[in-house]
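Residue numbers (the working numbering), protein chains in the order written: chain A, 1 to 216; chain B, 1001 to 1542.
Keep in mind the hints are simulated off the structure, nothing from the lab.
Keep in mind the model is a prediction, meaning the values are calculated, not measured.
From the three backbone atoms N, C-alpha and C, an ideal C-beta is built for every residue, glycine too.
Any given hint could turn out to be false.
Unchecked claim - Interface residues of chain B toward chain A, partial, derived using beta-carbon atoms under 8 angstroms: (1) Leu1116; (2) Ala1180; (3) Ala1217; (4) Ala1229; (5) Asp1241.
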Amino acid sequence: MSKSATLACREQFRTPAQQRETASVGMWIFLANEVMMFGALFTAYTVYRASHPQAFDIGSADMNIMLGSINTALLLTSSLMLSFAEHSAQAGNRRLIALFLILTMIIGAVFLGLKFTEYYQHFQEHKAPGVWFNDSSPYANSIQMFFVFYFIMTGLHAVHMIIGIGILAGLLFRTIIGTMTAEYHTPILFGGLYWHFVDIVWIFLYAIFYLPGLHL
Amino acid sequence: MAQAVAEAIQKNYLNEKQGLLSWLLTTDHKRIAILYTFSITGFFFLGGFFALMMRLELLSPTNWLVSSETYNKLFTMHGTIMVWFFLIPSIPNTLGNFLIPMMVGAKDLAFPKLNLASWYVFMLGGGVTVYALVRGGVDTGWTFYTPFSTSYSTTYVVAAAVGIFIAGFSTIMTSLNFIATIHRMRAPGLTWFRLPIFIWSMYANSVILVLNTPVLAITLVMVGVERIAKVGIFDPALGGDPVLFQHLFWFYSHPAVYTMVLPGMAVISEIVPAFSRKPMFGYKAVAFSSVAIAALSFLVWGHHMFVAGESVYVAMAFSFFSFCVAVPSAIKVFNWTATMYQGSVSWDTPMLYAIGFIGLFTIGGMTGLMLAVLGLDVHLHDTYFVIAHFHYIMVGGTVMAFLGGVHYWWPKISGKMYPEGLARISAAIVFIGFNLTFFPQYVLGYLGMPRRYAAYPEEFQMLHVLSTAGATILGVGYVLPLCYLIWAWYYGRGATPNPWRATGLEWKTPSPPPAHNFEVTPVVTAPRPYDYEAMKEELQLV
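All chains, full assembly: derive it from the sequences and hints.
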């Protein structure tokens, strides 16, 4: 039995189809778990936005809408690239899989670069919460709370992005050594699912942090 | 030839590979279950030690043994260790890990490496929590209520929170593994309605844990950020809302209460039919009641905040849903009882624990309803009545079920029988000790004794002394099984594959089972589980 065939049906499974379906269930359950994790933060954000509406508007107006929008476009493009990689995997074209995985990773890295540029700007403007925070408006405490949620939520998202790039690097390695074939490429499909999920979370983060202050 | 066959049969998961490394690197679900058993037994006796210290302190109305500060740490560490490092992983990660693949007729769990990883993550989380404990402990109560935990407590809150956060990942890994296994690894012919109730309950339990644990994780992150960075998240002085913390915490912790008792119900649902020699009465109702408990468990968290400034309309809704949970719980209790009715009941140790469970769970559940009544809760909130109520569920329920399950499957796990006479005596000691410990606490609470105090008015002393006396008896009841089960592991009489003449795939393989559970993948053709009537006919034919 070839290496790929062994991976496609590990000893606890009866058939490759059973292994694929089990992996699918596992991945979706994991994503449900992730939804609940971000969901708690979205809930807390919503509660406080309802009780501190002006401060959250002012905080949101301090966002760099340009960088945020570019990042949104970048992440959507990265998901498109990853879809091409998944498509190439179904055809078993290893060169194309590798190419698209590399493109996805590069775009992801650029996203993180821009994100950290934004963080740096917030530090310079004394908007980063804690000892760095400095604001003289009457809403100072509530504006700081907006930034606390901004840093926790986009920070958690960035951690997910870094893990995602790590996963893609692993997939790239496995593609290069030849264990991803037309018959067995489930890791690419479900690694991709994770990336798409992280992408979707960003769409919501963009909406709740960057857009509320646009009218100011 | 015959000798070769005999040797092949004797090879099992325990002796196939030898040495410490073969245990630490195993991906066999049965061995991982045993690793977990060691860990949670250690944590159980650690948590029990704190309980014993508390009970000794409460012998006298004054601070005769420990200071109030130390007492705060004692009840916090007791709760933290018992909830996250014993109760939640207890039955799922030991018996569940061992039995789920066998009951569904699979060679292993869906993701064996993830299963091993979950044990290491659990031990890491436990290690960090024990570090917090030896450095000086935590005094916030296991609930970590803000703003005390974020702004005022000077103890190791962050370290304990990190420990619990890490252990949460282990819970998620195991639950995810169980769900995937139950969905996709069932043997041919094993449809959902042919599954044992154990599987249904563990499934419902895993769904809860996958959905609520991440909420706790992120809430603890917020507590940690607030405490370290001194920013306002829950601190009212900085615009935060401490009740939001309670909402998030109980959104996790109330379903978590059901994840402590659902596995107990899973075990009881196997024991009762086996020792009544009857099929489970109302199988489908019992199966769906587990799912109903899982669904309703997410709608009741607000009943912890009736006196925390919650709107009265919200409180009414939470009160209503809390009453609703009683329905599926009652379905289980009535159906277990109906299963025993006119059955040939035998009084082996597992059945003694099961009957104890049913009685104590009923008392715990009924008093839970009293606490769900809006008016009555104002009187009983944060009193010993609450303490007694949840100990009836968690200790009288889950720990009894855990012990019953360990006895029931001990022949399968170890290949040895335990000493029946001694085991029955211990079961009786546990039952008597438990009731003597916790029944006086109902009375104490009703008379107005608040929880979490080291000193109290003299008129409560008699009841406290009774409770401490009971705790001592209970302690003996827990140490005895530890001793004789270890003895039985080495010197017990050899067990047959099916000593209880029970149904279920786990009994159709040798005791202890071979490394991959079954010589050939079983195919299930029986139309329903718990077919004890068909078995009776078979036995009569023999």
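So, as I understand it, the hint says alanine 1180 of chain B touches chain A; can you test that by seeing if any CB pair is closer than 8 angstroms? 4 angstroms, holds
Aspartate 1241 of chain B as chain A interface residue, shortest Cβ-Cβ below 8 angstroms: Holds - the Cβ of aspartate 1241 of chain B comes within 8 angstroms of chain A, reaching about 7 angstroms at its closest.
Interface hint for leucine 1116 of chain B, Cβ within 8 angstroms of any Cβ on chain A: This interface hint is violated because 13 angstroms lies over the 8 angstroms limit.
Hint status (Cβ of alanine 1229 of chain B to nearest Cβ of chain A, threshold 8 angstroms): 4 angstroms, holds
Agreement of hint alanine 1217 of chain B with chain A interface, Cβ distance less than 8 angstroms: Holds: closest Cβ of chain A sits about 6 angstroms from alanine 1217 of chain B, inside 8 angstroms.
Checked against the numbered hints given earlier, the structure breaks only hint 1 and satisfies all the rest.
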